[in-house]
Every structure is written in C-alpha cells, then in structure tokens.
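Asker: These are the residues of each chain, in order.
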Amino acid sequence: MSQREENLGQYMARRGISRRTFLKFCTVMGSTMALSPAQAAEMAETMAKATRQSVIWLSFQECTGCTESITRSHNPTLESLIFDFISLDYHHTLQAAAGDAAEHAREEAMKKHKGKYVVVVDGSIPMGENAHYSTIAGITNEQMLRDTAKDCFAIVTVGTCAAFGGIPAARPNPTGAVAVSDIIKDKPIINVSGCPPMPQVMTGTLSHILTFGAIPELDHLGRPIAFFGETIHDRCYRRPFYEKGQFAKSFDDEGARKGWCLYEVGCKGPTTYNACANLKWNGADTFPVQSGHGCLGCSEPNFWDQAGGFYAPLSVGDWGSHEVLAGAVVAGAAVGAAAAVAGRSKQKSAHEEKKS
Amino acid sequence: MTLLEFARGPAMEWSLIILVAGVVLRFAGIFLLTRHKTYFRTKGGSTLAAGLRTIGTRSAPTPDLEHRVRFSHYTGYLWHIGLFITVLFYAPHILFFESILGFGWPALPTSVVLAAAAVTLAVLIALLIRRMVHPVLKTISGFDDYASWFVTTLPLVTGLVAFGHLGADFGWRYETLLAVHILSVELLFVYFPFGKLFHPFSIWFTRYMIGGQMEQRGVRA
Amino acid sequence: MSLNREAFNKFAEMAGQLADMDTPVEMPDDQRVANAKRVMMEKMDAPKAAMLESCIHCGMCAEVCHFYMTQEDGKFTPILKLDLLKRVYRRELSPLRWMHRLYTRDVTIEDLEEWQELVYDTCTVCGRCSLICPMGIHIAAMMPIMRNAYSAAGMVPAELHLMDSQQDQGHLFGVGKDEFIGLIEQLRSQGLEIPVDKDKADIMVLTSVLDIMVSQDSLIAMIKIMNHLGYDWTFRTDGYECANFGMLSGDEEVHLKASKKIIDAAVACGAKKVIVAECGHSYPALRYEAPDIWGHALPFEVLATSEFLGQEVEKGTLKLKKAEGVHTVTFHDPCKNNRWGGVEKEPRAVLTALGLEIREPDSTGRTNICCGGGGGAFLINRTADYRQRVFELKRDQIDATGSEALVVTCGSCRLNFEVGKMKSNWGKPVESLVEMVGDNLDDGAARSGTGSP
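Top line first, the protein sequences correspond to chains A, B and C.
Anchor point for the first sequence: position 303 equals 303 in the working numbering, and the numbering is continuous, going up by one each time.
Anchor point for the second sequence: position 58 equals 58 in the working numbering, and the numbering is continuous, going up by one each time.
Anchor point for the third sequence: position 308 equals 308 in the working numbering, and the numbering is continuous, going up by one each time.
Take these hints with a grain of salt, some might be off.
As the list claims (entries may be wrong) - Listed below are several chain A residues computed to face chain B (Cβ distance under 7 Å; list not exhaustive):
(1) 231
(2) 243
(3) 245
(4) 271
(5) 307
(6) 313
(7) 315
(8) 316
(9) 317
(10) 319
(11) 328
(12) 331
(13) 333
(14) 336
(15) 340
Keep in mind that the hints were calculated from the coordinates and are not lab data.
In this text, a Cβ means the ideal position worked out from N, Cα and C, and glycines have one as well.
In isolation and in its complexed conformation, chain A is listed as follows (with noise of 0.2 Å):
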C-alpha cells in the first residue's frame, strides 16, 4: 500500500495509536468545536476515512515560531502526528528539496490538486519597495501568494502576521508589511492567529476541513468560532479574583504571589479571543496567565501597537503627557482670558453708549 493511498485510521494504527484513543481525540475536538456527541462520533468515522490532504505552505515575512509551535511539541501527540500525516508538498523550512526543485514540487501540488489543495501562509506580505523585500526563488511573496491562491481551495493563515499583519506590520511597518487577507480577496481565508497560534487550534482547523471538507464556520475577523469564540478572561482561573477585586499591582508583590488577577499589570485577557485558557499550552497544561504573566492579546490585530504597551492595564489607554495637558491649559487659559479682555471692552463701549 503506498502512502499517498492511506487513509488516516490506517496510518494512526501504523503508528500505534489505539482506536480508542483517536476516538478521544475527536471527542475532546468535537466539544471543542461544538458538535454533539453523535457528530464527534461521525466526526472520528469520516477522518478516520479521510485521505492526505494536500497542502502547501508558503513562509514570508515570519520568525518560524508559528512551524515551532506546531512541530516541535516536546513529544510526540496525536497533533503532531495529524499534521504529518497531511502531504506538505511545499514548506521551505521543513522540505529536503531547494531550489528550482522545490518550485517544481509547489507548481506540480498546485497541478495535480487543482481547486483542491489547501494553501497555508504564515508570515506577513511585505509591499513595500515594489513587494521586494522578500523574495523566494526571485518570486516576490505577494506573487508567490497570487499565484498559488489561484486554484486553491481556501487558505488557511497561521499566526497574528499572516492573519493580520503581525509585528512586521508594527509601527513604523518599515516594509509595507500587509495580511493576507489585505491581497486575496476572492478565496476563504480562516485565519489561525496567535503569536505563535496554538497547535491544537491548527490541528483542530485542519481536521475540521479533513472531516467536514468544508470551512468551519468563523468570526468577524475570520477565525474559526470554535477556538475564537471566547476571550481568554471569559475562561481564566484567575477570573474570580478580579470579580472580587483582588489585583497584583506588580509581577512581584503580595497578590502575584497569591495567584491574584493580572488586569491591573495590563492583562489583554478581557479583549483577547483564543482557547488558551480552555486548551492550555506545550501539553504541560498551562498558559501564560498562569506562569505569571498578563495576555498579550497576541491573536489580536495590532496588538503590539496597542495604546500604553503590554503593561497598561485595558482601561488606561494612551492619554497623552502631562506636558500636552499643560499646554491645553495654557491654550484654555490664553482664550479665556482674551474673551473676558473683549468682552471687558464691549461693557466699557456700553456704558460709553450710555453716557453719550
């Protein structure tokens, strides 16, 4: 049996996994995502069926901590082993192949799996200069992405700099750093964000799309509900103490200590959408609210440019400097005292009037 004809059941089987665990697996997925009981059970039925899926994964403007994230779990998982078991017939980092020959694999996926394929980007399109700031085999990214967008059949980003831009996009974006959503408009895009996204929202997107064949459905800004669905304060274990108003003033007073809420050490939790809270992170069951630290709001546009920084607490938001609001004072008082000198003036001539 060659591998292009195995279907998933038969390679988890091939690699040890126990029905009984896969159906876990897709018990766990299914309540992630929402479907009942019976689903998840249909759910394990149709992946178990499923084929590889062809996918081609275009890397830009990016640090390569979205491919970590995904591939290098400190063990093996049944996440992992989904994502191996997809044909990535195109990935710069991770292929053997370079050069003209990878181009070649890239054009013949594209080929072979016309209007099939799926297409995952992560990294942000640098326009700047003409798109040059990045180029692939002397293909700009922007082409690159145009040309095998083309026949795909949706496109999945992962990572805050495919989905939204990202940090190359931050403040001063030097390079003109866009989305992908910015350049192709004419083709599902579901954006995994997450600086890096987590995998199991990876996995889960792709299962969804090896299961259903279809797109799950998503939010307003293009990521799967499933996972997007709820901020990371919604879900946090630390919630209760900001109900009660118990805050850490700093990351190493008396309340951090006591595990207290980090909305005042500026916690994006409340504004933030991800499963963090619920899935938990490197399979060591935690998150960075729980190691200590305030959200991020890494899956969110812009938020490394958010107003006041990572530390200011939501409702502090960039107000300025006392310098400005000193010379809004100066301004005030100037106006208002050249308006009572005026008006100083018309009583006077009134009282002239009056005289005369």
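Go by the hints and put chains B and C onto chain A.
Answerer: Showing chains B and C alone in chain A's frame:
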C-alpha cells in the same frame, strides 16, 4: 486601527485636551470679567468666613424650605453618590486615574460598584421622566439639559453593558463594548466644559460668593 | 391706633387709576431692545457671570417662589425670569459666546413684552429663591438688572412708570413737601411736639407717602416714640420721603435722585442716624443700593424703624408696657428688611418687650414668604389675582399658628394684607409694629434725656 485602539489612543488624548482646555478657558473667561465695587457699609461679619461656610451649608436646603424640594434634593444626592462610587471606586477606573494622577486608592468590590451603578441609572431615568413632565422642569429645560443627561447616562449604560458582556447575543464583542464605553466617557469629557456639566467647577465659587454677598447685608445665605 | 379706613379707600381708588394716568415712553422698538441689551451688558460682572453659568435647571427656585407655589405654572420659575439677561450674557460676554451665538436667540421686542410680566408682576424681588439655590445663584440680586433694562427700554409697567415720574418731580400720589408740612402743622395743632428742619440733629427720621396719606397713626407713633426717647432728632422737609419708585421701576437716575435728597438733608443737619419709616423697600434702597449707584459710602447710619426700635429696647432706653388686649402675635418679616437687610431679631425683641408671645409660622424670618405685593407689584392692577392667591397662602400659614394678630412693619405688606382681608373676609387684626410701640410707651419710666443716640 480598531475602534478600541481609537478609543484608547487618539480619542482619549484629544478628549482630555478638550476637557482641560475647555474648563480652563471657561474659568478664565468668567473670572477675568469686570467686577463691580460695593460702597455700602457692610453689616455682617467676615465675608470670607461666611463664604466658606456657605459652601458647606448650601449642600443641604435650609431646614424651613427642605420640605418643598425634598425629592430633587435626595434623588440628586443619590445619583451623584452612586455615580461617584462607580466612577471612583471601580478598580479599572482607578487605574485610569492613577495613570494620569500618578497615585491610586483602594477599590470597592465589584458587586458594590455594580449595585451603585444600577441605582444611579434607575434614578437618572426617573429624573429624566420627571424633567419631561414636571411643570417647572419641562418649561426651563433645553438642549443642554437633555444633552447633559445623555452624556452622563451613556457611560453608565455602556459601562454596565460592557461589564455584563451584554450584547453578545447581538454579536457585539467585548472589545467593541469596551471601546463604546470608553468613547462614551470621552464624549462626556468633550461636552463637559461647554454646558451645565461645568457646575462642579463653578459651584464652590458661586456658593462662596452668595455667602459673602448676603453676609454684607447681615443675612445668613 | 389703626389704619385710616377713609384714607385707605381713597388711596385704593387712586391706585386703581394710576395706569390710565401714565404717559408711556415713546421709543422705536429697536431702540428699546438696544437700550435693554446695553444695560444688561453693562451691569454684568464676574460673580454674576459665574452664577448665570452655574444653573443646572433643577427647578428648586420655583418650589419656594410664592408665585409658583400658588399657581404651579412653570413660566413663573425664578431663574427663567432672568432668561433675557442670560441670553444677552451668553451672546455678548460669555467666554463661550462663539458657541452660544449659534443657538441662543437674540433678545427681541416680543421677548421684552413677554418677560415684562415675569420681571414686575410675578417677581416681588423677595429673594427667597436665592436662599434655596444649591448652586448659590443669587437670582434675586440679578432681578434689578432686568428692571434697569426695562426702564432703559421705556417698558416699565404703567403704574410704576407713573410713580417713577412723580418721584422725579418730587411728589407721590399728589403728596409733596407742602402736603407733608400741612400734616405736620395739623399734628402740631393737636398738641404734638414735632422737630422739623433743625440745623443740627443726631437723628433724622424719614416718613413715607403711605404714612402721610393712609397710616398717619404710624407717623404719630414714631413722633411720640422719638420724643419719649428724648433724642436730638428732626424731620427734614428737604428729605423726608423714603419710598423710592426709582428703585422699584428700575430707574437708577430717579433712584439716586430720591436717595440724594435724603443724603443731602442728613449731611446738612449732621445726622448720625437716619431712620427709615415702616416701608420695606426704602431700607435697602437707601442703605445698600444708593451708595452703590452713587459710588460713595453714606456718611451716616441707616436703620429700619423696627431695627431702631429693637436696638433701643435691647439697650434698655426704650421701656414698654405690656400690650393690652392681645397675647399672641405672628410677625411678618418684610422681605426687604430681612432677606435684603438682615433685620430679624430686632422686631422680635420689641414684640417680646411688649409682653407678647410670638408664634412663628413654619417658614419664618429669613425664609418668610413675601406678602405678594412687594417690589412694587402691589400697585400693578393686573396682578390683583396673583397677589390674592399669595395672600391666601400667607393667611393659611398665619392661621395655622393660632395667633391672635398679625404684626407687620412695612406699609405695602400692611396694605396688601388689608386688601386680602377685605376680599376674603379674614378677621385677623393686622397691626403695625411702630403703632403698637407708640401705644405702649411706658411713661412711668424716666426719659433717657441724654440727647445722644
């Protein structure tokens, strides 16, 4: 730029500039106007003492007249106190003040603040209805009265909505609700110096002045 | 002693005809508006501006205004009565005038016509609104500016305008210097010793047209009291009239002219004290307002009759017998003496010295409700119905005290109560404070006779 970024960034900075400059402008424009001299022999004692005393005594109606204004007086206090508790003792609000003033103070439990906000909102709605039906209030009220009510009540409503994540059913997300709340406060800042909402700044001076003016005639203000 | 009924009826008849006797001021409408606005602008200053800027439209001022209390019509709200002033201020002087001009209507002749009723008929400038305002807006202190503006616009109600013209000419209701001298002669012929036009006197006593015409007993009582005290006192025929229709109509020129007569006479005889007759508005008109218009401090002390009597009682120089036939009284503070002049404990000291029990109504002293006829409103015929309603409010308040008599110390309060009594058949005696004192001088007590006040 998202709505929340706009609210927390440029909108906040400009609304504060307008608030500060507007208040100072109005103050300077009023108090630098001319003053008329008094020539009569004064009758009472120190106008300074009387003025300062009146700042306090005008906090409540003089006992003989209290029964005529009971409703306005007590509801007025009720919603002002409720609003102060909400504005000054909710933890996220204190952080905002702390960022500007450089110091903070202890917060009240969220449940207390929530109750205060709810009471305040209820009283404000009752007072709006009263303003529209009471023979005096409906006659003397104009745009400023309703606008002032609106910009005062709006942050309370948007704050409660954001707090309760209400609106999720309509697809309104928390960051949008928070942005709307912050923007509504900024609307209040911008309107503050230009209408009757200016009164918290002037009240101390007007009370002081009437106290002194009446004292000059030997009358307790 | 009591009110001269015959003279009272004659006076009421004359008062009823005032409006017909007036010659209205001819002036183009735009001139009226311009004059009114000019005065309003000229009279504004920083404290008044701060006050006008501070109104939160809470409506409390209306709740304590006797015209709103009796009619519950929103247009009688005190602060609304200042609306034209507020609009002129906002358009011309406010630091936000560039903004206010966009939506604040300019004052028109129609506005002036509409507000006349609010400035004269339904405001007695009693000042009760100024006591309740939580913002500390001295509403009543700005009302005179409105009247100044109306006077400049030639739009003072006919009755007050006529009286203003008469005051300018030196006689009121046909009573001038000659009539005053005539009354003095008549009283002298009855055996009263009356010092008139002394070159030097410590105390100069004023009288009012109402006393000369209607309440001669008040005048007689004052003469008897002064003689009883034995002070060096005098009337001056060049400055005897305390009533000031210049102030009531808003005509500062006539106001000062009338006050100047008194000032000059007092200076001429070197008076240290000038005693104003029982006439409410005359007291602040001379004591407080005249110096401010004149621009100089008065070189003598001004006392209201009740204030003077109270001081003498407290000093022990005025010894009184227990009043007969009456045990309990309610004292009605004239707003112009109490809220506008700080006279509160003195009349009460007098009543106590007369052995009377004072029964205070529920709002009394500085918060007393005006009789309804103050500030010149008593003479404006079209307000008769408004005044009567206020009278009824007062009557019920006074009846609730259960006292036997009402004591007043202001001619127009007294007449307003008398008119109300007639219309509603109220049986309560309305007494004048000075007459009660005149009737109960303790002749057994030695005259102080030191001649020094």
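Asker: Against which earlier hints does the structure fall short, listed by number upward?
Answerer: none
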